[in-house]
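Residues per chain are reported as follows:
Number of protein chains: 2
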Amino acid sequence: MRIVLLAVLCSTFAAGQVHPAFNLMPQPANLQLGTGELPVTRSFSVAITGRTELRLQRATDLFLADLRKATGMLPTSDQISDPSKATLVIHVDNPSRDIQELGEDESYVLEVSPSGAKLDAVTVLGAMRGLQTILQLVNIGPAGFTVPAVTIKDRPRFPWRGLMIDVSRHFIPLDVLKRNIDGMASVKLNVLHWHLSDNQGFRVESKRFPKLQQMGSDDQYYSQDEVRDLIAYARDRGIRVVPEFDMPGHSTAWFVGYPELASAPGPYGIERHWGIFDPAMDPTEDTTYKFLDSFIGEMTKLFPDQYFHIGGDEVNGKQWSANPKIQAFMKSHGIKDNQALQAYFTRRVQEIVHKHGKIMEGWDEILQPDTPKDVIIQSWRGQDSLASAAKMGYSGLLSFGYYLDLQWPASRHYAIDPMPAASANLSKEEQQHILGGEACMWAEYVSPEIIDSRIWPRMAAIAERLWSPKEVTDIASMYDRMHLVSRRLEWLGLTHDSNYEPMLRRIAGSDNIEALRTIGNVVEPVKDYSREETAAATPNSGDPLNRLVDAVRSESDTARHFAEAVDLFLAGKSKSTNENKIRECLVHWRDQAPAMEKLPPNPLLIEVIPISQNLAEAAQTGLAALDYVDKGQPAPESWKTAELAVIDRAAKPEGQLLIMVAPPIRKLIEAAVGQGSKAQ
Amino acid sequence: MRIVLLAVLCSTFAAGQVHPAFNLMPQPANLQLGTGELPVTRSFSVAITGRTELRLQRATDLFLADLRKATGMLPTSDQISDPSKATLVIHVDNPSRDIQELGEDESYVLEVSPSGAKLDAVTVLGAMRGLQTILQLVNIGPAGFTVPAVTIKDRPRFPWRGLMIDVSRHFIPLDVLKRNIDGMASVKLNVLHWHLSDNQGFRVESKRFPKLQQMGSDDQYYSQDEVRDLIAYARDRGIRVVPEFDMPGHSTAWFVGYPELASAPGPYGIERHWGIFDPAMDPTEDTTYKFLDSFIGEMTKLFPDQYFHIGGDEVNGKQWSANPKIQAFMKSHGIKDNQALQAYFTRRVQEIVHKHGKIMEGWDEILQPDTPKDVIIQSWRGQDSLASAAKMGYSGLLSFGYYLDLQWPASRHYAIDPMPAASANLSKEEQQHILGGEACMWAEYVSPEIIDSRIWPRMAAIAERLWSPKEVTDIASMYDRMHLVSRRLEWLGLTHDSNYEPMLRRIAGSDNIEALRTIGNVVEPVKDYSREETAAATPNSGDPLNRLVDAVRSESDTARHFAEAVDLFLAGKSKSTNENKIRECLVHWRDQAPAMEKLPPNPLLIEVIPISQNLAEAAQTGLAALDYVDKGQPAPESWKTAELAVIDRAAKPEGQLLIMVAPPIRKLIEAAVGQGSKAQ
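Taken in sequence, the protein lines are chains C and P.
Numbers 753 to 1432, taken from this note's numbering, label the letters of the first sequence in order.
Numbers 753 to 1432, taken from this note's numbering, label the letters of the second sequence in order.
Isolated chain C, as found in the complex:
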């Protein structure tokens, strides 16, 4: 029986063993533990005092539905009118604004005693955040479900806490967006930034310029009704929706229907590859601005948010340089280079956006000396860029360091703070210009099947960075709580975990995925931008995204836990327990290779075979290292050289995947040699 358990332990590696008393993520600004607990029973009921409105009632309904799902309680009543009889009393002072605004008060005070709970908030938004806190506080004990007696006074550190989803490179259906909005609400995010157009697709219905979606979307776009539906859905969860229409670059999809907007003659086709491309709007023609005025007029009506994102990134200027008419215009207008030409364009677009009553937002590139001060800068360049903008009086938010598509571990995102380092010397007032941040889900390598696993659970770590006090930085605690958040997200319908095994079965071509899962659990996709184009002749957008690299998680829990066990073992902590764990895993990894070789080969599996072999060899090496350590004998240098070569091979990307347990195994080898020299 012991073997079974350990094998299972290694394959999932102790996930969910930890149950912190307070599973809150993001951590609240202030929490005081009281005495005792409030039972959560079937008679749990909610009363609303103070102002009430439909949005608050719906928030309460959603809360009760989630509570029932989590606990299995059948309600005997739910929303009641008599506060003296309610388990939870919600009091909100002010009505919702018609359109949710940046900087609205999101604070709340939650007091839980053994006899009841009280949630006070200035706004409905604050109540929504507090309700999520209650859901996370519900705990199972011998007496059933309870909420610990606590007093929580909470407010976000930053007012702008977002997630950008690119729906252009791959279209993401409405229901997938909705389940992600549910996830966002659960970790107190408040902005969905919807990247609606790019070279690879124009994704929203325009009634004024229908060829935009008709010719630029492969028939994959959101109708205006669907847009309104999503915005209402987000609003009910306290989330603003900011649309982005990227211009003047990243706009090939516009030109399929309207080639006259471009700086070079058409015809244009929807871009099928990833990268930076030449097509850009013609900033020298008045017809361009006339078009944009009409289009922006239509879209600013459809999207009620105060902010309107015009992209503005990565214009390579090649079409401009190659067009004599544009060159002549620049000369006659004293525009010295392409950057200045983009500044000219941005200024004119800003006037249009302003005319339609909105505040413009854009990527770093839109910041030019005479950019109006109310424009918001979204920085993919970093905190320094943000700091210098703040010094110039511009507000901005950080996306550098929060690119989910780069496949970084949660801890790396978590360590990045939107507030520039002290060396930036921002005044108090300048610091106010740092509004927060946005995680970015660029969609070159995501499909509806994969996107949840690329966003979650790592998004929760960034959400905590943006909500919680700066001092909340304990990585171990973050991972423990993120794991619990991950489980809750599944119940909301997010598929970040549940799609893993079906994809493995598809790759294996059978149910027999034991060995494949063993490999999948210890690898991660290559990082940053190193996923290569599979074949130059192949359109990237035709990639079915069904390889092992697409199925595995962005971050391997197993590898992380294994690395921890190795560090503890080498530090002499719980030495035999950790050695047993390590050995068990290594045996497991060694033994997957013969099983993998028995699977009937197919193109999806064939690329996994070298990974399987590398993993098995690395494990064998690790076992030999452990034997040296056990014997207390120095491993010879010649052995070390040979074995490190094995690890070097294992550490190299293969099938766009990295074996994440190679580095800790390397530590074992080095220790096997090192302890020898110490013993001598």
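In short, the hints are calculated from the structure, not lab data.
Among the clues, some could well be false.
Copies of the same chain look alike in the list, so a pair counts if it fits in one copy or across any two.
As the list claims (entries may be wrong) - Cross-link-like lysine to aspartate or glutamate pairs, in silico, DMTMM-like; alpha carbons within 25 angstroms at most:
hint, residue 1, residue 2
1, Lys1419, Glu1012
2, Lys930, Asp970
3, Lys1107, Glu1359
4, Lys1143, Asp813
5, Lys1404, Asp1122
6, Lys1053, Glu978
7, Lys821, Glu1359
8, Lys821, Asp1030
9, Lys1404, Asp813
10, Lys1088, Asp1263
11, Lys1279, Asp1065
12, Lys1350, Glu789
Just so we're clear, the structure is a prediction, and the values are computed from it rather than from any experiment.
Given the structure of chain C, go ahead and fit chain P onto it with the hints provided.
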């Protein structure tokens, strides 16, 4: 290592071990194996000859997308114009009709040789069915993906092959319906019957009578745009959409907004319980028919299908009997009883439906002596009811025996044939009146989270019954192929399997679900209508449906495989192999109990504890029986009596669940005694 594998074997019990050469489900009418195989490579391409149209092109696109997903191939090209260069040539003779019709030709001929494939069909529908066949034929071999050389001449046995989904008891969002439509298309079903109104909810937007959805749906309804969207989605997959508005009973939700339609004064509220209720439309008022004329006029425009379902089932007549005005009307019109009154109502509604250009459909109850002959009868009563209707000249379809909510095993549904027994003595012409059948997913105990697991994979067995020749009845083959279909369905996004473990983790309140899964794998929900109301005072519709009974599958593969192993063992086949399997499972089931007891209790787990204990005791008993068999000694009668009492206890419903391995364990006990007497 052996222990690990066997333990895993028992928990999943050999699922997916079988790879029949032809995984087709439903089985085609005629298949001839050729020589060799057609390689499916990256250069796989499709050309359309004969007539082409957008619907066929979209069907081809969907086919290619599925093929890419299943194989991981990046296409180098897809739809091409030169048939001599295409891997697959599709030839269709006729254009699609504007509205898909009952009885359209769905036949196709598929010829696959090592050098290419040819798909010929009279209609686009036939091509769609053939494309699904190709997808199922794709196999993995050492040479990569291939399709075997075959000639398939296929056509459905019945023209009406449907699935009814009740969206009233629980609202089912559009995306959930869409993924189920994908599943339907994959097993060649062709009708989605949308049960849109009932006592518990009115689910479609009416512009003429907006209070229907505004007051009768808890704001959970489909807008008319969404309805059109779903119909277009279904059409692209060769599926008709037949709406049902149940009347004159099952109509409480109508009366919330329009109490004047009812036969007793209001006010009415949306019904929160399950069952048969008194409210019924007033069939004696002309205003009722005026309302229905206007409403049906609106809905027959929204739903293009030729058929319009008016329900007509389960009117208990209590409101009619209690209303003096209705009684007076009956007297003055010579209507002798409530049944005759419903016949009067049905006749008038039929005239309205007919006036709006549709053919009426209804449940058995609508069949009365003077019902017009073009009305379609959907029978929940059985083949005899259908046969007598056929003799009277009415066409009908069978739903008796295909109620998915009754939690029957697939084999039981599979054994039921829409064609009445020979004893019904139907003439050839009368047999033509048996149009096919429809599975019914009544939604008292399903939510969006659960519904896929209640429909799939059992729906595939019924789909085969309706498509394949009558002689296709091998149950073992059905189960093997159904398992493969089940895996493919996951890739379409169906969650029938993937939601299982997240739900178990929610019930366990932790990741530690080994023991709970062991139990969950061998139990099934109670059958037929025996799931009791949990508490009379509790509204059924508030049930969060998150208990173990909601998480487990309708049919346990593990229990089925265990029962087979017991039968083989007792028949002396592969005796020691089977005994090992049986013993391993019994040990596994015995050992889950201590693990279960260690889990922190919660209300969802507490009801599982008696099941855990009963399973452990039954397993212990089975092990003792095996020991007797091993020793070849007769087990004493007194032992038998005591042990059968254990089994009796285990076989009783507990937490609305049945331990499905209790009956085969009982066989072991009886054999232990029986072999003794034989030995004496």
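- Query: Checked against the structure, which of the hints given earlier come out wrong?
  - Reply: 1, 3, 4, 5, 8, 9, 10
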